[in-house]
Structures are given as C-alpha cells and as structure tokens.
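Just so you know, we're using this note's numbering here: the sequence shown kicks off at 1 and counts up by one.
These aren't lab readings, by the way, just hints derived from the structure by calculation.
In this text, all values refer to a predicted model and were calculated from it rather than measured experimentally.
Beta carbons: idealized from backbone N, C-alpha and C, even for Gly.
There's no promise every hint is true.
Quick list of the computed label-pair ranges, beta carbon to beta carbon [as the list claims (entries may be wrong)]:
{"#": "1", "residue 1": "Lys131", "residue 2": "Asn160", "range": "20 to 30 Å"}
{"#": "2", "residue 1": "Asp126", "residue 2": "Asn183", "range": "35 to 45 Å"}
{"#": "3", "residue 1": "Gln226", "residue 2": "Arg171", "range": "16 to 26 Å"}
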Amino acid sequence: MRRCSRNPPTRFHHVRFLITRLLPFFCLSLLPLPAQPAFHAWAERPVMGWNSWDFYGTSINEAKTRAQADYMAANLLPHGWNLITVDIQWYEPNATGFNYTANAPLVMDAWGRLVPATNRFPSAVDGAGFKPLADYVHSKGLKFGIHMMRGIPRQAWQQNLPVKGTSYFARDIADPASTCSWNPDMYGVDMSKPGAQAYYDSIMELVASWEVDFVKIDDLSRPYHQKEIEAIRKAIDKTGRPIVLSTSPGETPVDQGAHVMNHANQWRVSDDFWDNWSALYDQFKRLHDWTPYRGPGHFPDADMLPLGKIQGGNNTSSGRFTNFTVNEQYTLMTLWSIARSPLIHGGDMTQMDASTLSLLTNDEVIAVNQHSTHNRQLFRSGDRVAWVADAENSTDKYLAVFNTG
Numbered sequence: 001m002r003r004c005s006r007n008p009p010t011r012f013h014h015v016r017f018l019i020t021r022l023l024p025f026f027c028l029s030l031l032p033l034p035a036q037p038a039f040h041a042w043a044e045r046p047v048m049g050w051n052s053w054d055f056y057g058t059s060i061n062e063a064k065t066r067a068q069a070d071y072m073a074a075n076l077l078p079h080g081w082n083l084i085t086v087d088i089q090w091y092e093p094n095a096t097g098f099n100y101t102a103n104a105p106l107v108m109d110a111w112g113r114l115v116p117a118t119n120r121f122p123s124a125v126d127g128a129g130f131k132p133l134a135d136y137v138h139s140k141g142l143k144f145g146i147h148m149m150r151g152i153p154r155q156a157w158q159q160n161l162p163v164k165g166t167s168y169f170a171r172d173i174a175d176p177a178s179t180c181s182w183n184p185d186m187y188g189v190d191m192s193k194p195g196a197q198a199y200y201d202s203i204m205e206l207v208a209s210w211e212v213d214f215v216k217i218d219d220l221s222r223p224y225h226q227k228e229i230e231a232i233r234k235a236i237d238k239t240g241r242p243i244v245l246s247t248s249p250g251e252t253p254v255d256q257g258a259h260v261m262n263h264a265n266q267w268r269v270s271d272d273f274w275d276n277w278s279a280l281y282d283q284f285k286r287l288h289d290w291t292p293y294r295g296p297g298h299f300p301d302a303d304m305l306p307l308g309k310i311q312g313g314n315n316t317s318s319g320r321f322t323n324f325t326v327n328e329q330y331t332l333m334t335l336w337s338i339a340r341s342p343l344i345h346g347g348d349m350t351q352m353d354a355s356t357l358s359l360l361t362n363d364e365v366i367a368v369n370q371h372s373t374h375n376r377q378l379f380r381s382g383d384r385v386a387w388v389a390d391a392e393n394s395t396d397k398y399l400a401v402f403n404t405g
C-alpha cells in the first residue's frame with residue numbers, strides 16, 4: 001500500500017476490506033438517512049469547476065470568462081469539469097485587484113438588484129444581464145455560475161428603491177446594523193419585515209432569467225445568517241430552476257450542520273484557503289469534523305484549489321505559480337477527493353502548465369471524489385492520517401493514507 005503524503009507523492013488505492021471487521025467502527029455512517037430535500041438531486045456529486053477569484057480577484061470580465069470556458073471545454077470537460085463561475089464585484093465598473101472600495105458606484109436595476117457592469121461584460125447591454133454570457137458557456141457544454149453577496153446594496157438603501165412587485169422600499173427591509181466585516185457594499189435584509197422575502201424572490205427571479213446554474217452567496221456563514229439562508233432557499237425553489245447553492249465564507253459553525261445541509265448544496269468549512277502547508281494541514285480536522293453532514297447533494301466545501309498560476313489580478317501577464325510543492329499538491333487533491341469536497345480550480349486555465357493539468361485530469365482520483373460514499377477518517381495517530389470510503393456499487397473501499405509530518 002502506497003502512502004498518500006507530503007513526501008513522497010502518491011495515489012489512491014482501491015482495496016478490499018473484510019467488512020465484518022470494519023462494520024463496528026462505521027455503523028453510524030451506514031444508518032438510513034431521512035428523506036432528503038429535493039434540491040439535493042441538483043448536485044448529487046461534488047461540483048467540479050473553475051472560479052475567477054484566485055487569479056483575477058475583482059477584475060474578471062467577459063472576455064476572460066469566455067477564454068476560461070474555451071479552455072475548460074477543450075481540455076477539462078472530458079474529465080468532468082463543467083462549471084465556470086464569475087466571482088465578486090461583477091457589478092462594479094471600476095473594480096480591480098483583490099481589494100474593495102468603500103462607496104464604489106455599483107450597477108443596479110430599478111428594483112435595487114445588482115446587474116453586470118457593461119464596460120466589463122458588454123453582452124449585458126440593454127438589460128440582457130448575464131443571459132448572453134450564460135448562453136455562450138452553455139454552448140460549450142458547460143454550466144454557468146455567479147457570486148453574490150448577502151443582502152441589499154447600500155446604494156439601493158440610499159436611493160430607497162422599490163422592492164419589485166410590492167409596495168415596499170429598500171429602507172423598509174434593510175438592516176443597516178447588519179453589515180459584512182470585509183466588504184462595504186451591502187446591508188443585511190431584516191427577514192421579519194414585510195417585503196423582505198419578496199426582495200430575495202426578485203433577486204433569484206432575475207438570476208434564473210439569466211439561466212444561471214450555480215450561485216455562491218457570500219457573507220452568509222460567519223456569523224451564520226439562518227433567516228437569510230432560509231429566504232434564499234425559498235427564493236431559489238420558487239424560480240423552478242435547479243440553481244445549485246453554495247454558501248460562503250467559512251468557518252460555517254459545525255453546530256449548524258443540520259440546518260445548512262437542508263438549505264444548501266455546499267458550504268465552506270474555512271475562511272479563504274490559500275497555498276501554504278499550515279492551511280492545508282488544518283483542513284484535515286475540519287473535513288473530519290463535518291463528516292456527519294456529508295452526503296449526496298450536500299457537501300462540506302474545503303474551498304478552491306490554488307493551483308497553477310494564481311493572483312494575477314487585472315494584469316493577466318502577471319500572477320505567480322502556487323507555493324505548494326508537488327507533494328503538497330498531491331496531498332491537496334487527495335484529501336479534497338477522499339473527503340468529497342467540491343473541486344473548484346482557482347488558477348488561470350489559459351496559462352495551465354503540464355503538471356497542473358496532469359493533476360486535474362487524473363481520472364482515478366476524480367472517480368473517488370465523484371463515485372464514493374461514506375467518506376470518513378479511519379484513524380489519526382501522530383502525523384499519520386487515514387481516510388476511507390466505499391466504492392459505488394461495490395464492496396471495495398478507497399483508502400488514502402497521509403504522512404503530515
């Protein structure tokens with residue numbers, strides 16, 4: 001049995017165990033589950049895709065998005081990668097880099113709903129929104145996702161814009177005391193107020209009209225905004241479109257596990273994950289802690305894969321290669337796969353190097369992520385950690401052994 005560790009790099013082993021010996025340790029994992037929410041069927045396996053944040057920060061635009069979609073369709077789609085997500089600040093005309101600007105002008109419609117800045121997403125002109133870009137991504141055989149922020153724009157509150165389909169206005173539903181600690185754009189929505197649910201309904205109605213397939217909604221989990229998560233769930237379900245919901249950032253409180261798994265398809269287990277060993281080491285415990293809440297359609301999310309070329313910002317010729325060693329990259333992909341975390345690549349795919357491409361297209365490892373069940377830590381003893389999972393439709397097991405020292 002090879003060891004999956006920082007040194008040396010390894011692979012999974014598809015091995016057969018004597019089930020009578022393993023059963024006493026894992027009987028809790030094998031108990032029948034209660035009926036699952038219908039939306040779990042929209043993402044029964046962990047999402048595999050790309051997100052713009054790790055390379056572009058706030059400076060993603062339409063041309064760059066199309067280029068990433070072209071690369072994914074040609075090189076990664078045959079291996080299961082099929083989602084392109086535009087991350088934060090797509091509604092801010094002058095956004096750049098990895099920082100946020102207080103009081104930056106945002107682009108909204110008449111009902112206080114954020115829409116794409118047309119200087120960055122020119123196909124959004126004349127109220128088209130993200131529909132033309134989504135159509136392009138869909139034409140490549142891919143799915144399209146966007147980042148959103150919890151709440152209502154402060155700019156909508158300042159202008160006191162109406163809530164679509166109601167007699168209420170932004171100031172009737174906004175909670176100026178509920179703000180994000182790291183982004184200055186939004187106020188929370190007070191879900192006890194008339195018109196509050198209607199506002200979230202109107203947002204998701206717009207997103208569905210753009211034929212978006214996936215939404216990553218930020219500032220929901222730390223602290224945990226239960227009422228607004230419930231409002232978003234209701235709003236998505238009301239659209240009739242199977243939009244996969246990802247909540248962010250982390251850490252999501254583990255004691256909210258039962259709630260979040262019944263309202264979202266995936267949720268972050270940590271704050272933003274970057275390319276250093278200590279951050280990777282910490283994910284072992286977090287993913288173990290979330291084991292009771294992992295299952296088809298509901299997955300603890302260890303965050304994006306900061307691999308290849310990252311942190312380029314507005315200058316696509318800049319950026320840097322990941323600080324992870326080759327062995328740490330193997331460890332990262334192995335842990336994310338055996339723990340069934342969503343696989344969201346963060347590097348610039350148009351600058352993909354051969355080593356990263358090989359890592360992302362290892363079909364044996366991807367199969368563990370996509371086609372295993374009852375994923376759990378087998379043991380942790382000193383620097384050694386082992387995870388095991390059941391192979392689908394088989395008595396075989398997947399085993400990953402890590403040396404973290």
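Status of each hint after checking the structure:
1. Lys131 to Asn160: 20 to 30 Å: 28 Å, holds
2. Asp126 to Asn183: 35 to 45 Å: 29 Å, violated
3. Gln226 to Arg171: 16 to 26 Å: 23 Å, holds
Of the hints listed earlier, the one the structure fails to meet is number 2.
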